[in-house]
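*Asks:* In case you want the letters, here they are:
There are 2 protein chains.
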Amino acid sequence: MTATSAFITSLLTSFGIFCGLVFAFSILSKWKVNHNIYYSSRIISGEGPTAAASTRNPFTWLYEAIFTSDAELVRVAGLDAAIYLNFFVCILEIFGYSSLFCIPVLIPIAAKSKSNADAFQLDPNMTYDGFDNLAMGNVEEGTKKLWAFLVGTYWVSIMTYCVLVKHYKKMIHLRGKEQAHEKPAPQQFSCLVRDIPPKPKGMSRREQVNAFFRKIHPDTYENCLIVCNLKKLTKMWTKYQAAKRNLEHAEAVHEESKVTAKPEGIRPMHRLYFLGLFGPKVDSINFYEEQVREIGRAVEAEQQRTLKEEQLPAAFVFFNNRRAAAEAAQAVHAPYAMQWQVYPAPEPREVVWKNLHKSVYERLIRQGLVYFAVFMTVLFYMIPIALISSFTTLDNLVKFLPFLKVIVEYPPINTVLQAFLPQIALIIFLSLLPSLLMALSRMEGIPSQSHVVRGASGKYFYFIVFNVFLGVTLFGTVFSSLAGFQTLFNSKNFSVSSVVSLFGSKLPPVAAYFITFVALQFFVGYGLELSRVVPLAVYHLKKTFFCKTQKELEEAWEPGPFEYHNLVPNDILILMISMAYAVIAPMILLFALLYFAIGYVVLRNQALKVYVPAFESGGRMWPHIHSRIVAALFIGQVTMMGYMGIKKFPYAVLVIILPLFTIFFASMCKMNYYPSFNVISLAIASEDVKESPPMRKIIEAYTPECLLTEERALEESAHYEDALESSVSSRPMGVSRSNSVHESTENLYAL
Amino acid sequence: MTATSAFITSLLTSFGIFCGLVFAFSILSKWKVNHNIYYSSRIISGEGPTAAASTRNPFTWLYEAIFTSDAELVRVAGLDAAIYLNFFVCILEIFGYSSLFCIPVLIPIAAKSKSNADAFQLDPNMTYDGFDNLAMGNVEEGTKKLWAFLVGTYWVSIMTYCVLVKHYKKMIHLRGKEQAHEKPAPQQFSCLVRDIPPKPKGMSRREQVNAFFRKIHPDTYENCLIVCNLKKLTKMWTKYQAAKRNLEHAEAVHEESKVTAKPEGIRPMHRLYFLGLFGPKVDSINFYEEQVREIGRAVEAEQQRTLKEEQLPAAFVFFNNRRAAAEAAQAVHAPYAMQWQVYPAPEPREVVWKNLHKSVYERLIRQGLVYFAVFMTVLFYMIPIALISSFTTLDNLVKFLPFLKVIVEYPPINTVLQAFLPQIALIIFLSLLPSLLMALSRMEGIPSQSHVVRGASGKYFYFIVFNVFLGVTLFGTVFSSLAGFQTLFNSKNFSVSSVVSLFGSKLPPVAAYFITFVALQFFVGYGLELSRVVPLAVYHLKKTFFCKTQKELEEAWEPGPFEYHNLVPNDILILMISMAYAVIAPMILLFALLYFAIGYVVLRNQALKVYVPAFESGGRMWPHIHSRIVAALFIGQVTMMGYMGIKKFPYAVLVIILPLFTIFFASMCKMNYYPSFNVISLAIASEDVKESPPMRKIIEAYTPECLLTEERALEESAHYEDALESSVSSRPMGVSRSNSVHESTENLYAL
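Sequence lines, in order, name chains E and L.
Last residue of the first sequence? That's 751 in UniProt numbering, and every number before it is there in order.
Last residue of the second sequence? That's 751 in UniProt numbering, and every number before it is there in order.
Bear in mind the hints are in silico, worked out from the structure with no lab data behind them.
Each hint can be trusted.
Same chains, same label: a pair holds when it works inside one copy or across any pair of copies.
Straight line, CA to CA, 30 Å or less: simulated DSS-like cross-link-like pairs of lysine-lysine:
1) K670 to K215
2) K177 to K201
3) K262 to K543
4) K670 to K170
With these hints in hand, go ahead and build the complete structure from the sequences.
*Replies:* Laid out in structure tokens, this is it:
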């Protein structure tokens, strides 16, 4: 489909853009005024820019990105980022080992074959370009050469199995080291309890939870925190924060005017309604001061009301050692397993508060509905994507929109359009999805943000498989010639075998299309990522025209975390395409290697110097990625089986062992390794700790920000000090003790 | 297929046999000489026969069977039997409620329709008998009458959901009561540990296990028992027991001869080789005495060697309270989840020793192979079963074997053969399966006997679905006319729609076949079960001609346990057939009700008075049965959907909601209720106990019989007394303590 020249144009243009962006990066990142953008995380942590900022050597950043140790990476960017970057290493190894066989053996075999040339002689309408001749499509049907491709499939599969096992072990090791860290995190002492049954009469929710857990864990249970409905309070809190910020901004403007205008300054004014454009004019400082006072009072009242009246049937429970918490999180507590469900607590920052109290039935129903919605979306996204891929050749575009002919026939435009048009359309379409899927996943009732991200990424995977992969392949094949289109829809000639043979003859050209797609993705995408030209421009604009306070300035260059729900599905898409065509069109391996190598360097740089993780999920993204790698392998093997059949290779049946073994491998990994990521194993949780965080700190960490004003925080800590002094000191915990804790926390909540 | 007259013959004959057997039972069970057979379990427990044995009223046993409370049933027959019998109640309720709608509404509608009569006018070759006219097949295509059958499907489904939920809760309650019993069983303090990693150098297996568990459970871990390879020892032990038994027998014969022959008795002699028929004659008593001495010595030596040298990477670990054991059994212990796998310990008597040490990889591979074997068996059993069902009409039999014509045309033979021949053949074929499946399941590496039984029963279920149900229906349909046969194999006319229409037109006649099958099963089967004529005859024969010692006599009437691997699949087969045809041919509900009602009464009688459970699995058969009931419902709904389509009912699409909801229901039950059966919940395990069994008793229970000679048992207890005195008394457990236990047990094992 894509002519070789168009392909090379595409490649060179992308490469040009990439080089330009890297050059821009190496210049811009050295300017001191830009350090906030290029060394954000280091500036936040107080470490300042690295050596790369001051040296003249334009490759220092590269050196730093590659040679920083994994331990340092975990320290700076967290376990999640370290595991995400190790995924790149894993894929590089898989494709590296695979290409050791595929490139030197399979490409020469394909290049020496003449199937395409023969086809061209028979039917000059079938055009094949240079790259197609390097693929399996060029090998003659039923010849012994196909044995090499069979061996290639085995080679790729076995390499994948080995590398995956090695890396799963490495990931478990990384995670275990972090979990067994001598400075434990609050979530290691906590469990999330959902589906608490209706409370008995004459008992508060807190008493109910305490009674249940004290009976079961008499020696280790410490305290609990009942989840409240924060909907109303959060709304108020947001208003309160906005008012405070407006006040600060107005004061800063006033201060500034003292310097720029007259010595006593100009008091800023604004109009009351609709973006400050209509209504009476008021003094901003006075207005916002009044607002802060008023809302502040309302917030306090609402805080008290929420704590008393909005308690929900969910709670965080806290234990006095992490082994106890790890063990409790794995056990069924109630006789009816759906009540009192105990889960490992998510990290405080990633708790999705509004989902915690959803009952298991509600979650089940929501899940059902969400999956139905996803199913429908998958189905209906198929239509635009099918149209996009039908435009993947300009010929088709002209066929459908004849008036474009004049423009299109001008050679440079023709070449560029042919190279980019379909890919750009596909990318735009796909970029709209992640936010939609995030929203859908959040609606499922998942309690932690990282799980929502995984859910969204998992849903995206279905799109990849059904729409991009199957859709583009199938429709790209069919629409590339109207004859093919007619074949498909003319029901008289419609048969499975005709579709399969059509599909087969067009598969490698589709591979070329995917190669272009991959190339575009990585050159332009990673160039933009590294150079951060968009955040840089936004930062300078905001700095010049808007930011008045220090806080606003900080927010202007705030780097944010990695957006895994965007990144991971993209990587998996590339991975899957490459896995599927690794043997059929081995050239794709080179591009995949380039994609993951550049990605590794660029993202490692960003992880070390730019992004600040919003929370830490303990690397739970890995099992998710792992199973998708295995799925990609499986799809690749099945594709290969089909394609071997099309090539009329009688021993194609030998490939069938591979998908079966892949299923076995997947279940083996799930049994063997997955539990290590799903829970904290007792052996790890039993490792000695240097110092446990005080219970007060743990409870504070799990108190939502809007319930924790500064004054409250102070009072709280005082109260807790009391409560804990009388409780933690002595092991055997009697009624008197639990009462004292109980009273003091009741007091706290009654404030 | 089965003519109405044949059907009635079959029914009456079976009923006659049943009445005869019940009559025999009510006479024979009153004879004192037979009490060992009819009241076995009560005689073993020392309670003696019930009132039914002495009263003249022939229905007292019925009264006792029905009105004994569930609590009493649990006490006498164990939780497993109680749960199995509650399954009958559950099914009776499902079918009872279902027939409330199906019988009074659907049967009259079917009876008033004339589809069969019309078909007969068009094609006199199509014959329909009386029962066919009471089924949905008789309803005209596409009429409004089909709405009633649609409602019927919903009615049956909703009844099933409600009853299942109610009963799952009841079962959980029954199980919970047993698990929370104040007199706890040894398995509640124990866990099974598998996949222990290779032991470090300079450490014994026991030290390794102790070190690992003491670190993780410092306050609750007590002791461990390393599993040994008992293969050689068991062989010797069996010989030793046989020799002892032979000696006793010979002595008893000698004693007897003192009475019957001369006062000093005749010393029994036997020849040495081949069943005592060849070789030199020896004095039996002297010979066996010598043998007992010799083998006894060898056994002792082998016991020592086994304990020292044959330790395997599996162990039982014991905790000092049942909550700790329940919690440990649910947690991942090792960083690599496949090592140190901790499971709830099976009951001591049901441990499958030879499977305990199998590594997780070996188990995975074995499972794969076993499932492949099962798959092949399912496939190849299809052939004989297809042949059997092709003979289900005598016409076919005569067609294939013309020489039978003379016999078959003699009317009484014709009727009887037509009624019984196919069913008997099917029953014989199916009765061979359970033993094969038990052997296959045992090969999987399952650690407990009850799980093996469930595995075998689960595999049988595949047979039921694929062979009996699909096979008989499909092949019975096709083979019933040679025209059908030709239709299927004539590839020109072969199409999905032709098969479906053939299938549809023949479905209700197949239902009649199944009704006969059900009737035969329950009348004859339960008659034999209740009257126990076979065990009775065997007992009297053995008693008269063989038994000399008291032990031999006891063995002759030993009742054994329920054979769930035979019973459960049979019940599920009936259940599935009835569920599938409940709406299509509602008459089947009456027979199903009769089957389960008679079954309930007969088996409750047997559970209370005859069978002695070999072990107690804690009712874990129920989730297994439950999911099969749900599967049967699902199959029934899909069948209904297809059949509605055949009847050209445009609203058939409304049925599609039901199978979807069934899937939801199944996953809901699995999430909600299954964990309560899979593990012991902490709330239940935390219930107070009256007295914990001493650790010595628990360890003894888990020591295999062949490692526990009488002398050893005594010494052991003495040693343990020492060990435990120094350990249990004080909570905080230091190095000194673990050493003392360690030494004493090492001593024990060095004996």
